[in-house]
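A.B. asks: Below are the chains, spelled out letter by letter.
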Amino acid sequence: MRLNTHRLVFLSLLIALGTSLHLVEMLLPLPLPLPGVKLGLANIVTLLALYLYGFRDGVTVALLRVFLGSLLGGTFLSPAFLLGICGAVVSTAAMALLLRHTKCFSTIGISMVGAVSHNIGQILAASLLLQSRAVLYYLPVLLLTGIPTGVFTGYILKSLMEHIEKSGALKGFTQQEN
Amino acid sequence: MSLLKHHTDMTRGDKYLLLLLLSVSFSLMFVLYGNTTIFHSKSRSTQAVVTVNGDIIRKINMPTNSRYSFAIEGSSGSFRVELDGEKIKVSEAHCAGQVCLNQGWISRAGQSIICIPEKIVIRLEGRTMLDAITQ
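Protein chains in written order, with my numbering: chain A, 1 to 178; chain B, 179 to 313.
Everything labelled a hint here was simulated from the structure, so no lab data went into it.
Be aware that one or more of the hints could be misleading.
[What the hints assert, rightly or not] Using C-beta positions, here's what the derived DEER-type ranges look like: (1) S201/B <-> R7/A: 34 to 42 Å; (2) Q276/B <-> A134/A: 44 to 52 Å; (3) P33/A <-> F204/B: 19 to 27 Å; (4) S78/A <-> S244/B: 53 to 61 Å; (5) R245/B <-> T102/A: 22 to 30 Å; (6) L198/B <-> S78/A: 28 to 36 Å; (7) K103/A <-> G263/B: 31 to 39 Å; (8) R258/B <-> L32/A: 27 to 35 Å; (9) S132/A <-> S244/B: 37 to 45 Å; (10) E303/B <-> R100/A: 53 to 61 Å.
Beta carbons are placed, not taken as given, at the ideal position from N, Cα and C, and that holds for glycine.
Sequences and hints are given; from them, build the entire structure.
C.D. replies: Structural data, given as structure tokens:
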């Protein structure tokens, strides 16, 4: 009972964080004219949810953050929304797979995989949406930009996780991995 | 505690993963972009077409493996056309103006060597930066 309430509260917090990060990213302009290149800050929240609560809750956080983020940002049910959902699902699945079945990757590596798979998922969705293969030509660019952004968000999550542990703020919130 | 039982520093697996992703994206770049002119500093020619009086007498696939030459008969004598890799030129000519000789090597698609009195046109076909120009 206690764990359920804690889990609910914390997941809601994570979703709220993810939503605001999604919105902040919408406002951040890029120095280069590359569409679809984002910092992927919201992946931090998704990955943290995966670490703490597992795949189902991680996917919940990811989907709800795209939902709420696009609702508040004015892109609800737009093409960007569909791409975002697809990217979030693929990215969460990839990160969860790595987390569950391997022990040799760190936060940074998994975050990098998350960013790259998010981009791959988005491009696949875009090519399905536009019924064209031309979008796939953009794949190398997104892969190459996904790597540094993934590493960057990985480092942010790393310091976040270390801080959480040190401050003991989440003593009652974390549950055993199942 | 439960969070820090995961690795947080970069592991060796991460570095391999990074290498894998980088090599995948670079090879993808070669596959996808390799045939476009962005990757070629000049326009590659794929064929040299030699026409005399409007009739195609020879088509040579470019670039050629070795340096070789052949002769064309013209009204003022024989012409020698030489090919070397991506380049082609007229090396011997007995026409009046010797314009074709003076042109030297051509190597880009779309370039041509023309001898008007002999009606000889040597043209390099291939992928060019521009496909057509309207006038």
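A.B. asks: Honestly, do K103/A and G263/B meet the 31 to 39 Å range at C-beta?
C.D. replies: violated, 54 Å
A.B. asks: Just tell me: holds or violated, for the beta carbon distance of R245/B and T102/A against 22 to 30 Å?
C.D. replies: violated, 56 Å
A.B. asks: R258/B and L32/A, beta-carbon distance inside 27 to 35 Å?
C.D. replies: 52 Å Cβ-Cβ, so the 27 to 35 Å window is violated.
A.B. asks: Starting from the range 37 to 45 Å, see whether the pair S132/A and S244/B falls in it by beta-carbon distance.
C.D. replies: Check passed, 43 Å falls within 37 to 45 Å.
A.B. asks: Taking the Cβ atom of Q276/B and the Cβ atom of A134/A, is their distance within the range 44 to 52 Å?
C.D. replies: Distance hint for Q276/B, A134/A holds at roughly 49 Å.
A.B. asks: Given a hinted range of 19 to 27 Å, is it respected by the beta-carbon distance of P33/A and F204/B?
C.D. replies: Hint holds: Cβ distance 22 Å, inside 19 to 27 Å.
A.B. asks: Does the Cβ distance between L198/B and S78/A fall inside 28 to 36 Å?
C.D. replies: holds, 34 Å
A.B. asks: With respect to the beta-carbon atoms only, verify the hint that S201/B and R7/A lie 34 to 42 Å apart.
C.D. replies: Once the Cβ atoms are compared, 40 Å apart, the range 34 to 42 Å for R7/A and S201/B holds.
A.B. asks: In this structure, is the beta-carbon distance linking E303/B and R100/A contained in 53 to 61 Å?
C.D. replies: This hint holds: roughly 57 Å between Cβ atoms.
A.B. asks: Between S78/A and S244/B, does the beta-carbon spacing fit 53 to 61 Å?
C.D. replies: holds, 59 Å
In summary, the structure is inconsistent with hints 5, 7 and 8 from the numbered list given earlier, while agreeing with the others.
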